[in-house]
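Asks: Letter by letter, the chains look like this.
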Amino acid sequence: MALHRQFSNDGKELIIAIKGKFDFNLVQEFRQAYNNIGEERPTVIIDLRETEYLDSSALGMLLNMRKSLGNSVRGIHIINCRPEVRSILDISRFDKLFTIE
Amino acid sequence: MHVVHDHSKLATDVLQQLEQLDFEFVTAGYSEAVARNGLLSSDITIFIYAAQSQLAPQLRKLFQQAREDDFEADLNDCLIITDDARQLGRWNDDRRKFFVDVVLWPEPIGILKTRIQSLEHANSLRAELTQTRHSLAWHATRIDREHQLVEHIFRNALSRNYLEYQHIRTYLTPVSKFNGDLCLVAPGPIGNIYVFMADFTGHGLAPATGALPLSQAFFAMADRGVSVAEMVTEFNFRLNRLLPDDMFCAGILLELSANGERVTFWNGGMPPAVLFNDAGEILDRMPAQHMALGVLDDDDFDSRVTTFRAPLNSNIALYTDGVIELLGHKMEFLGSDTLEQLLQRFSAPADFPKLVGELEHFRGTQPLHDDLSLAVLSCCPTGLDELKQPNDDTAMPFTLTIDLSSNQLRELDPVNHVLNAIGTLPRLRNHRTTIYLLLAEAYNNALEHGLLRLDSSIKQAPEGFMTYYQLRAERLSALDEGKIRIHVNFIAERGLLEFTVTDTGSGWDTERVITSNNMNHGRGLDLLRQLTTQLKWEQNGREVYFSYQL
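The listed protein sequences correspond, in order, to chains V and U. The first sequence: position 19 = 19 (our numbering), numbered continuously. Numbering-wise, our numbering comes out as the position in the second sequence, counting from 1, plus 1000.
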């Protein structure tokens, strides 16, 4: 399973983990992952610990998510980036739009 | 039964009576008995001598010799029949290795039978006892050997356990040789660290056995940097299949991020871990929200985790119930309140030995009743991300050219193939993420815009992304002409990777695209521009060239 989605025990965080390749093949699955976030305004956590590859379509999907969720979430955090992934996000200035840990 | 006799009148009488009593026996003379060491037999031996034949000294010598012999042979029990009343008492001291009974002849009829039968009985009991002793000794040796083997296996299985990690302090004490508690520590690939503490039902070898598959899974998954939720799902999966129904494993798995701030944990059936700071304040408790591992089937298993931010200078104490159920020398349990008080009193990392000292003092000379494990992790930057594998300097130059027909474009994932071919080469391994990105951008550009004539502006509509990629799939499956060439050249001595991607499409207005600054679909281009050098288009945009400096 390339995408794993789960709420935390207290329901305050929606954790979406992407494994291996983050590209347009996940477009639908990724869209569905943040479809039902409820009324609780959770924080969305994009866990890239096992994301080894990503391309510009993944960046587009992240931006789309941000646009689509708007104020219905407390924030979007991108966590556990490998160094190379991190530098790609930095080059694209994602640190201005997301909280990158 | 052997009968050794002196051919006296007395002997004749006794032998006659033995025959009447239906005993079966073999007879021998004294000299013969001495020669064959007549006491060596698994049966009993009757010695008969009359006072006048003066054989008492010879018989004593025979006994003496048997006593002094070192060997562990089965010595038979003896019955001496004599009419020599003066010598009777002198046989008493000969009972160390074998039992000697004495009958003063004449004996009332019937008593002889009883004496022989009791002697036979004692003899068979003793034989049985010897055999049991041998078999016990054999089993003890075997168990020792097996324990050694298992210990060896455990040592190897846990050899990767990173207990010496500088920001964790542990106190792990099993009741027996084998620990039913498990405390595993392993670094992840992104500077994160995992701590897993578990407590199997029971203690000793049986529960410790479950530690093997669990620790193997733990270390393998820590290497991959797997998430806490996924790890516990795998643990539960394994244990559920492995353990008998009445056995399970309580466990808490915790992950601390590289910066030491983000804590993610899953607690199944373990006592609440305690979050406290160096100043001795208890900040929070991390209670069990789930059933222990190995109880629920996959479908019912709940892998949801809890996350929180660890404040500066905070610590997390993980422990098994062996700690709070520690029996003190005044026969009272330690309890979680006392443990928390101790954590407050000895909150600084350097005070951990004092805390352990207090626990040992509390216990005094009371024997342990359960395995005992306590670990305190400091929430601070792990310092583990510096442990990256060293760069491999050996490199081999290569050139790779791949020509793809429309059939192959429809059916293959060329970027993946090229990446698999070159992404594992020593010099390139650490750059594979970027290499993938560059290849994917160049190839997708050639395919989507060059051959499939897709317009990126579609992506700007609300569901544009979905529409765009649906269209991509549709047009790709209908593609029946067009080719793409991927050319990669690695100049090893300069550490330079050159890429050329050519398509047979109709080309495009390179000037317009290069200068446009559209945020939503110029992103790929922007990445190429920033990550590469010498980016240029030829043949009306049908060919792109760029190089990447390692």
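The reader is advised that the hints may include incorrect statements.
With a cut-off of at most 27 Å between alpha-carbon atoms, the simulated DSS-like pairs for lysine-lysine come out as follows [what the hints assert, rightly or not]: (1) V:Lys67 <-> U:Lys1459; (2) U:Lys1483 <-> U:Lys1459; (3) U:Lys1354 <-> U:Lys1459; (4) U:Lys1354 <-> U:Lys1177; (5) V:Lys96 <-> U:Lys1459; (6) V:Lys19 <-> V:Lys67; (7) V:Lys67 <-> V:Lys96; (8) U:Lys1177 <-> U:Lys1009; (9) V:Lys19 <-> U:Lys1536.
Not close to chain U: a few residues of chain V, all C-beta gaps over 10 Å, as computed [said to hold, decoys possible]: (10) Ser8; (11) Ile15; (12) Ala17; (13) Asn35; (14) Gly60; (15) Gly70; (16) Val73; (17) Gly75; (18) Ile79; (19) Arg82; (20) Asp95.
Stretches of chain V that chain U covers, calculated by requiring three or more beta carbons in the stretch to come under 8 Å of a beta carbon on chain U [claimed, not checked]: (21) 23 to 32; (22) 40 to 50.
The set of hints was computed from the structure by calculation and includes no laboratory data. Quick caveat, the model's predicted, so the values are computed rather than measured. Yeah, the Cβ is synthetic: ideal placement off N, Cα and C, and Gly gets one too.
Asks: Give a verdict on every hint.
Replies: Structure-based check of each hint:
Pair hint Lys67 of chain V plus Lys1459 of chain U holds up; C-alpha atoms about 13 Å apart against a cutoff of 27 Å. Restraint check for Lys1483 of chain U and Lys1459 of chain U: the C-alpha separation of about 25 Å stays at or below 27 Å, so the hint holds. At most 27 Å may separate the alpha-carbon atoms for a hinted pair to count; Lys1354 of chain U and Lys1459 of chain U exceed this at roughly 64 Å. The straight-line distance between the Cα atoms of Lys1354 of chain U and Lys1177 of chain U is roughly 25 Å, inside the 27 Å bound, and the hint therefore holds.
For the suggested pair Lys96 of chain V and Lys1459 of chain U, the alpha carbons sit about 22 Å apart, so the restraint of at most 27 Å is met. With a CA separation close to 23 Å, the supplied pair Lys19 of chain V and Lys67 of chain V stays within the 27 Å bound. Proposed proximity of Lys67 of chain V and Lys96 of chain V is supported: the alpha carbons are some 14 Å apart, at most 27 Å. As the CA atoms of Lys1177 of chain U and Lys1009 of chain U are separated by approximately 67 Å, the hinted pair breaks the 27 Å bound.
Annotation: proposed proximity of Lys19 of chain V to Lys1536 of chain U is violated, straight-line Cα distance about 33 Å (limit 27 Å). A Cβ of chain U approaches the Cβ of Ser8 of chain V within 10 Å, the least distance being about 6 Å, so the stated non-interface status is violated. Not every Cβ of chain U is farther than 10 Å from the Cβ of Ile15 of chain V; the closest lies at roughly 8 Å, contradicting the non-interface assignment. The beta carbon of Ala17 of chain V is not kept farther than 10 Å from every beta carbon of chain U, the shortest such distance being approximately 6 Å.
Distance check for Asn35 of chain V against chain U: the nearest CB is about 13 Å away, which clears 10 Å, and the non-interface claim stands. Against chain U, the non-interface label of Gly60 of chain V is violated: not every CB pair exceeds 10 Å, the least being about 6 Å. With a closest Cβ-Cβ approach of about 13 Å to chain U, Gly70 of chain V is found to remain outside the 10 Å limit, as its non-interface label requires. Interface exclusion of Val73 of chain V from chain U stands, the closest Cβ pair being 15 Å apart, more than 10 Å.
For Gly75 of chain V, the shortest C-beta to C-beta distance to chain U comes to about 13 Å, beyond the 10 Å cut-off, and the non-interface label holds. At roughly 7 Å, the least C-beta separation between Ile79 of chain V and chain U is not larger than 10 Å, which violates its mark as non-interface. With a closest Cβ-Cβ approach of about 6 Å to chain U, Arg82 of chain V is found to fall inside the 10 Å limit, against its non-interface label. Every CB of chain U lies more than 10 Å from the CB of Asp95 of chain V, the least distance being 15 Å, so the non-interface label holds.
Figure legend: the segment 23 to 32 of chain V, annotated as covered by chain U; annotation consistent (5 residues with Cβ-Cβ distances under 8 Å, at least 3 required). Given as covered by chain U, the segment 40 to 50 of chain V passes the check, having 4 residues with a CB less than 8 Å from a CB of that chain where 3 are the minimum.
Taken one by one, the earlier hints fail for this structure at numbers 3, 8, 9, 10, 11, 12, 14, 18 and 19, listed in ascending order.
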